[in-house]
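Residues per chain are reported as follows:
There are 2 protein chains.
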Amino acid sequence: MTGGGTAKGAAAKAGDTPPRFDDDFAARLEELLIWRRDVRRFRPDPLPDGVLDELLRLMTLAPSVGNSQPWRLVTVDDPERRSAIAANFERCNRDALAGYAGSRRGRYARLKLQGLKEAPVHLAVFADHATEAGHGLGRRTMPETLDYSAVLAVHTLWLAARARGIGVGWLSILDPAAVASDLAVPEGWSFIAYLCLGYPLAEDPVPALEREGWQGREGLGGKVLRR
Amino acid sequence: MTGGGTAKGAAAKAGDTPPRFDDDFAARLEELLIWRRDVRRFRPDPLPDGVLDELLRLMTLAPSVGNSQPWRLVTVDDPERRSAIAANFERCNRDALAGYAGSRRGRYARLKLQGLKEAPVHLAVFADHATEAGHGLGRRTMPETLDYSAVLAVHTLWLAARARGIGVGWLSILDPAAVASDLAVPEGWSFIAYLCLGYPLAEDPVPALEREGWQGREGLGGKVLRR
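Chains A and B, in that order, are what the protein sequence lines are. Going by this note's numbering, 1515 is the number at position 211 of the first sequence; the sequence numbering is gapless. Going by this note's numbering, 1395 is the number at position 91 of the second sequence; the sequence numbering is gapless.
Rather than coming from a laboratory, the hints here were simulated on the basis of the structure. Please read these numbers as outputs of a predicted model, since none were measured by experiment. Hints may be right or wrong, so weigh each one.
Any copy will do: because identical chains look the same in the list, a pair fits if it lies in one copy or spans two.
[Unchecked claim] Listed next, the in silico DSBU-like pairs over lysine-lysine satisfying Cα-Cα at most 30 angstroms (straight line): (1) K1527 / K1421; (2) K1527 / K1317; (3) K1317 / K1416.
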C-alpha cells in the first residue's frame, strides 16, 4: 500500500474480511462503464485540491505483469511544454487528415479530437522499460505486457476519475519520440498515453465518435469464437 | 449498445440524466481495486449460467482507439486445446526458470503462476489488426493503441468479474504465435492475454507476488515528474 488513503479500503491488509459487492454495486459499476467517455470538451475549472494526487495513488492499484508497476507519470503544467505537445498534435493530425479522402476527410476535419487548451490537467503516462521491479516475471515471451501494465493503470485512473465526475481524454495523435523529448523524461521511459483531465462540458452515454457519425458501437457479433 | 443488458444503465441513451456517483460509490470502487487480484488458485465450480455472456457484453463498454473495438475473444473449452495451452505454458515457464539463478531461481520455482487446470473458464483475448472499424483514427503514429484497446477491455472484464466475486488470472508466460495457432484464430488476430476465470480459493488485498516475497508494492515514489 502506498498509504495516505482516506477511503475505508485503503488500509486493507491480509486477513481483513473481504468486501461483498452486491447487485446494486454491480449495476452502478455498469453505469460507470456506460457513462465513462473519452472527453474532448472540458470546462477550464481546476480540479479540487488533492484530487489529482488521490487519482494517481489509485493508479498504483492497477494490475501489472510480475507486479512490476512500470507506470511513470508526468504532470505537464509548463506553458511551453504544453505548446510543444499541442504543436506535436497539430503536425500529426495534419498528416492524419491527409490520409483520408472524400466525405470521410471532411468528417475527420470536423471532429474535435483533443481538449489540450481547455483541460486543467495534462498527464503523460510512460512505461519504464528499464525497471527491475518484477524481476522480469511474466514478460519474457511477451515484453509488451510492461506497456500493457501502464495501460491498465490508465484505465484505473479513468474509472476513478469518472466516479468523481471528472472526464479523461486519451490523445494518441502524437509522435511518441517527440513527446518523450519535449517532456525530458529519463532514458527507457516509453510513451503510452497523453491524458487530459477536467470536468466535461457535457455528459453522454454514447461515444462522441458514434454521435458524430464516425464509428458506431459494434456489439459482440462475430467477435467471440468457441474453441 | 449491444442490447440484452439487465442492469439499469444498459439501455442508457443520449439525453438520459447522467448518474451521480457519490463518495460511497467511490469508496466501494476503491475497495474493488484493492481486492481485485491476479488469481491463480481457483475453485473448480462453474460460473452461473449467463454470467460469462454478461461479462463479455460489459467488455464492449471499454474505451478503444477511434472506437475501433478491436477486441476478439475465444472461449476455450476443448480439452485438447486446453492441453496445448498448458504445454505451451510449461515450455515457456521452463525457459523462464532457466533464466534465474541462486535463491531467486528457487523462489521462482515455488510460485504458482497459473490456474489452468482448476479454472472453469478459459478466455483468450486478441486484437484484430485487420479491423476497418474506427477507420484508422488515432492509431497512425501509435498503431499499438489497437492492442491497448484490447487491454482496456481485459481490465473492464476483470473489474466486472471481481464485482461478482469472480476472480481473473492473466497468463502471459506463453508463446503468442503458438497460442494463435493452437486456437486456430483468423489471420490478423494478435494475441493479447490468456485469462482464467473462476471463484478464487481465497481473497486477499495483498498481491500474491508480494505475499510470496517476489515483488512488493512500490507506491508512487520516484514515479511522478512535474514538467
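Results of checking the hints against the structure:
For a Cα distance limit of 30 angstroms, the shortest separation of K1527 from K1421 across copies, 25 angstroms, qualifies, whereas the shortest one inside one copy, 37 angstroms, does not. In this assembly of identical chains, K1527 and K1317 lie within 30 angstroms of each other by CA distance solely across copies; the values are 24 angstroms between and 39 angstroms within a copy. With identical chains, the CA atoms of K1317 and K1416 are at most 30 angstroms apart between copies only, with a shortest distance of 21 angstroms across copies and 45 angstroms within one.
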